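Visitor: What follows is the residue order along each chain.
2 protein chains.
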Amino acid sequence: MTVYEFAKGLILEAGINVKKIMKQDIEIETKSNPNDLVTNVDKSTEKYLFDNIKKTYPNHFVIGEEGHGHDLKDEHGVVWVIDPIDGTLNFVHQQENFAISIGIYHNGEPYAGFVYDVMNDVLYHAKVGEGAFENGTRLPEIKDTPLKTSIIGINPNWLTKPRLGDMFKPIVDEARSARAYGSAALEIVHVATGKLGGYITPRLQPWDFAGGLIILSEVGGRGTNLLGESLSIYEPSPIVMANQKLHAELIENHFEKHIETVRLLQNRLKK
Amino acid sequence: MTVYEFAKGLILEAGINVKKIMKQDIEIETKSNPNDLVTNVDKSTEKYLFDNIKKTYPNHFVIGEEGHGHDLKDEHGVVWVIDPIDGTLNFVHQQENFAISIGIYHNGEPYAGFVYDVMNDVLYHAKVGEGAFENGTRLPEIKDTPLKTSIIGINPNWLTKPRLGDMFKPIVDEARSARAYGSAALEIVHVATGKLGGYITPRLQPWDFAGGLIILSEVGGRGTNLLGESLSIYEPSPIVMANQKLHAELIENHFEKHIETVRLLQNRLKK
Chain A
413 MTVYEFAKGL
423 ILEAGINVKK
433 IMKQDIEIET
443 KSNPNDLVTN
453 VDKSTEKYLF
463 DNIKKTYPNH
473 FVIGEEGHGH
483 DLKDEHGVVW
493 VIDPIDGTLN
503 FVHQQENFAI
513 SIGIYHNGEP
523 YAGFVYDVMN
533 DVLYHAKVGE
543 GAFENGTRLP
553 EIKDTPLKTS
563 IIGINPNWLT
573 KPRLGDMFKP
583 IVDEARSARA
593 YGSAALEIVH
603 VATGKLGGYI
613 TPRLQPWDFA
623 GGLIILSEVG
633 GRGTNLLGES
643 LSIYEPSPIV
653 MANQKLHAEL
663 IENHFEKHIE
673 TVRLLQNRLK
683 K
Chain B
413 MTVYEFAKGL
423 ILEAGINVKK
433 IMKQDIEIET
443 KSNPNDLVTN
453 VDKSTEKYLF
463 DNIKKTYPNH
473 FVIGEEGHGH
483 DLKDEHGVVW
493 VIDPIDGTLN
503 FVHQQENFAI
513 SIGIYHNGEP
523 YAGFVYDVMN
533 DVLYHAKVGE
543 GAFENGTRLP
553 EIKDTPLKTS
563 IIGINPNWLT
573 KPRLGDMFKP
583 IVDEARSARA
593 YGSAALEIVH
603 VATGKLGGYI
613 TPRLQPWDFA
623 GGLIILSEVG
633 GRGTNLLGES
643 LSIYEPSPIV
653 MANQKLHAEL
663 IENHFEKHIE
673 TVRLLQNRLK
683 K
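So the sequences go chain by chain: A and B. Straight run, no breaks: the first sequence in this note's numbering ends on number 683. Straight run, no breaks: the second sequence in this note's numbering ends on number 683.
Isolated chain A, as found in the complex (with noise of 0.2 Å):
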């Protein structure tokens, strides 16, 4: 079995998982404030993946939400970063709209990707090189669209604050329309998917969009920090995931504008 296929199994165990635990009461915790609750349901998974990974390939590095491998740096060999819920939000409010998020790297190269959508029983998944699929179907190249005729997923939120509102709003106003469904991995493969032109936030942590960018990038699309470079998986980072028409327009016409505020975002989040 190679890693892909083991990995494929493996988060659709954790999802199976989740939906048993679901069906009995969620206790929930509160971390640093509101907005960032945490569950068991989050806790007991990022554990049932981490000890499955690791009782099947004892070298491979771990790097989850709730604790594991934060230290890690730059490893050699097969890196996993995981996600166990994204959009916790969504699961304690909604009890959907989540997703388990996996990025497999080797040797800092992006090898596969995995976001399920639990309760639609969705499994995006991609092996580089070998095309991206929704379920058993293969995504097509994702479409150029320019802004004004594009979707763009971005949170409310971010418009309320001065300096990013200031480099946000031209772009809401341009844009066909904006949506917001609170979880970063669904909003990357709706971007692969072609429901969204373009996703825009101004800060992910890596377990958030690394297996979303490698099924983006399967099928054309472009992940990039807001100054267009490479996204790295051991830091946090603003995020811009588009096709590559509007990927280019979002940097060269909107945040190339609003440099000082991109390197603020960017230098706040370096380790």
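Among the clues, some could well be false.
One copy or two, either will do: identical chains are not told apart, so a pair holds if it fits within one copy or between any two.
Unchecked claim - Listed next, the in silico DSS-like pairs over lysine-lysine satisfying Cα-Cα at most 25 Å (straight line):
hint, residue 1, residue 2
1, Lys455, Lys581
2, Lys573, Lys560
3, Lys669, Lys573
4, Lys607, Lys455
5, Lys435, Lys555
6, Lys466, Lys573
7, Lys581, Lys420
8, Lys432, Lys466
9, Lys485, Lys459
10, Lys431, Lys459
11, Lys607, Lys432
12, Lys435, Lys467
13, Lys432, Lys669
14, Lys555, Lys431
15, Lys607, Lys435
16, Lys573, Lys435
17, Lys459, Lys555
18, Lys485, Lys560
Note that these hints are calculated values from the structure, not bench results. Since the structure is predicted, the reported quantities are computational estimates derived from the model, not experimental observations.
With chain A held as given, fit chain B onto it using these hints.
Guide: Below, chain B alone, put in the same frame as chain A:
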């Protein structure tokens, strides 16, 4: 057969038609601006609903997005308020996340509401006094939530406008988070199911809210204009739909502080 039973069958049949037409090519026509796409599906679905209502109930009135009954005002008898495709942009860009909406009123009083999430095959429906249902499952009364623990439905587009932004930003900042799904009818039923605490928009047509409002009312929620006044099915209006506690909090702590903006919005939409 009661009007309620007839309407329930009719909206499901209309959904089947929509799916059929979707398999053919979608010809898109542009109305006044690119945000207002109309498709053949929109027009043919309204015609399908209108013709079938009139065939069975020749004396009933119909108000619809695509041009029916826009001259009606305070009719005696039964009035159907229909939106053949609520969330046209989602329909065009995503081929999902749109709904057919029907609200039925008798001598000015609400009688029954229907919102059909076509691609997920979920029918939300309510007959006044008999509770609201998601397919066959009765929806519980919605719980009161304060703004600070609520997820609010609000489109990022409204935050970029100077006066609207001033009014809406403090709401978004105080809320736990914000979402934007691009279909008013679905966002209103998300309030009815508790997936959103509230939904706010500065301009909505009667066909966008007539069905959802009846469903929301049946689970104890409240929908009014931003002054807290009842909505008319003959006029567009700014809208706030929420659980009772959140509705009161939004009116008292937010909209009353911006009474000039609220009155301006309201008057601009008067016939």
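Visitor: Confirm or reject each hint.
Guide: Hint by hint, here is what the structure shows:
| no. | hint | result |
| --- | --- | --- |
| 1 | Lys455 to Lys581 | neither (36 Å within a copy, 33 Å between copies) |
| 2 | Lys573 to Lys560 | both (23 Å within a copy, 18 Å between copies) |
| 3 | Lys669 to Lys573 | both (17 Å within a copy, 21 Å between copies) |
| 4 | Lys607 to Lys455 | between (31 Å within a copy, 23 Å between copies) |
| 5 | Lys435 to Lys555 | between (40 Å within a copy, 20 Å between copies) |
| 6 | Lys466 to Lys573 | neither (42 Å within a copy, 52 Å between copies) |
| 7 | Lys581 to Lys420 | neither (39 Å within a copy, 42 Å between copies) |
| 8 | Lys432 to Lys466 | within (23 Å within a copy, 48 Å between copies) |
| 9 | Lys485 to Lys459 | within (21 Å within a copy, 61 Å between copies) |
| 10 | Lys431 to Lys459 | within (16 Å within a copy, 42 Å between copies) |
| 11 | Lys607 to Lys432 | between (30 Å within a copy, 20 Å between copies) |
| 12 | Lys435 to Lys467 | neither (28 Å within a copy, 47 Å between copies) |
| 13 | Lys432 to Lys669 | neither (49 Å within a copy, 46 Å between copies) |
| 14 | Lys555 to Lys431 | between (35 Å within a copy, 24 Å between copies) |
| 15 | Lys607 to Lys435 | between (31 Å within a copy, 17 Å between copies) |
| 16 | Lys573 to Lys435 | neither (38 Å within a copy, 43 Å between copies) |
| 17 | Lys459 to Lys555 | neither (38 Å within a copy, 33 Å between copies) |
| 18 | Lys485 to Lys560 | neither (39 Å within a copy, 37 Å between copies) |
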